[in-house]
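Novice: Residues per chain, in single letters:
2 protein chains.
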Amino acid sequence: MRNTARWATTIALTATAVCGPLTGAALAAPATTAPASLYAPSALVLTIAHGDSSATAAPQRAVTLTCAPTASGTHPAAVPACAELRGVGGDLDALAARDDVLCTREYDPVVVTVDGVWQGKRVSYERAFANDCVKTSYGTSVFSF
Amino acid sequence: MRNTARWATTIALTATAVCGPLTGAALAAPATTAPASLYAPSALVLTIAHGDSSATAAPQRAVTLTCAPTASGTHPAAVPACAELRGVGGDLDALAARDDVLCTREYDPVVVTVDGVWQGKRVSYERAFANDCVKTSYGTSVFSF
Numbered sequence: 001m002r003n004t005a006r007w008a009t010t011i012a013l014t015a016t017a018v019c020g021p022l023t024g025a026a027l028a029a030p031a032t033t034a035p036a037s038l039y040a041p042s043a044l045v046l047t048i049a050h051g052d053s054s055a056t057a058a059p060q061r062a063v064t065l066t067c068a069p070t071a072s073g074t075h076p077a078a079v080p081a082c083a084e085l086r087g088v089g090g091d092l093d094a095l096a097a098r099d100d101v102l103c104t105r106e107y108d109p110v111v112v113t114v115d116g117v118w119q120g121k122r123v124s125y126e127r128a129f130a131n132d133c134v135k136t137s138y139g140t141s142v143f144s145f
Numbered sequence: 001m002r003n004t005a006r007w008a009t010t011i012a013l014t015a016t017a018v019c020g021p022l023t024g025a026a027l028a029a030p031a032t033t034a035p036a037s038l039y040a041p042s043a044l045v046l047t048i049a050h051g052d053s054s055a056t057a058a059p060q061r062a063v064t065l066t067c068a069p070t071a072s073g074t075h076p077a078a079v080p081a082c083a084e085l086r087g088v089g090g091d092l093d094a095l096a097a098r099d100d101v102l103c104t105r106e107y108d109p110v111v112v113t114v115d116g117v118w119q120g121k122r123v124s125y126e127r128a129f130a131n132d133c134v135k136t137s138y139g140t141s142v143f144s145f
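Which chain is which? The protein sequence lines are A and B, in order.
Under UniProt numbering, the first sequence has 86 at position 86, and the numbering climbs by one with no breaks.
Under UniProt numbering, the second sequence has 70 at position 70, and the numbering climbs by one with no breaks.
By construction, these hints were calculated from the structure, which means they are not laboratory data.
C-beta: ideal position from N, C-alpha, C; glycine also.
No false leads were mixed into what you were given.
Okay, the calculated bits of chain A under chain B, using three or more residues with CB under 8 Å as the criterion:
| id | region |
| --- | --- |
| 1 | 52-64 |
| 2 | 68-78 |
| 3 | 120-130 |
Just some of the chain B residues that point at chain A, by a computed CB distance under 10 Å:
| id | residue |
| --- | --- |
| 4 | 40 |
| 5 | 41 |
| 6 | 42 |
| 7 | 44 |
| 8 | 45 |
| 9 | 46 |
| 10 | 55 |
| 11 | 58 |
| 12 | 62 |
| 13 | 72 |
| 14 | 73 |
| 15 | 113 |
| 16 | 117 |
| 17 | 122 |
| 18 | 124 |
Bound conformation, chain A alone (with noise of 0.2 Å):
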């Protein structure tokens, strides 16, 4: 079984090296276009800390979240955040603020990381905030926790 896995892992890969780059669509889609074993895999813990810089700045929270083949981990809304991960085709960067959401202009940064891996790519990411509200405006599930 575990062998089966780490070839079907292989295969994804190979298919994507051979494919090309995929488009977000069909990331979004992977666990309805291939078997629950042939899916590249997908975790990771995201912290947040109060600060600007990961390097100067512990921890206060940390989740994992897991999207294949089903959306779980500790994070507290796994589903809606997996959901807008594959929106975004996991890029973070792309994650829009709301419109609806105001904040103060004061400055109290938090920062936010994401690491582990993304439909089998590595993900190390790293954005601060000026507030917990700014970051909260971000997305709307992901980066609440």
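Position chain B against the provided structure of chain A, taking the given hints into account.
Specialist: Then chain B, alone, in the frame of chain A:
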């Protein structure tokens, strides 16, 4: 509840800062010395790839591992893996090779990465092994996924 958890985390981190680094023994049993909400975050993503460096080898498998308040995640042996990590105080380099495993000298390297947070401290770890057998000989559970 979110704020309560945040304050609890802040208090725990402050206590760590005031009291200095915890010893391995203290790290080993946070759940028995503190209420469930009073623990530093621990959430990890582990990957395995064929190659000698994560910079060049695409991950074949990726799993999550959370050790507090209870062992969980997509790691296939979360409970013993957490016990093993606690046993070495989160120091992955301290996982020793077992004597009861005999491996060939074949060079077919695999590289393991561990990223995230262990007991409130950021983890960014990478280790290459000469082959899969050698990898499995280190520790008993953490690298077996």
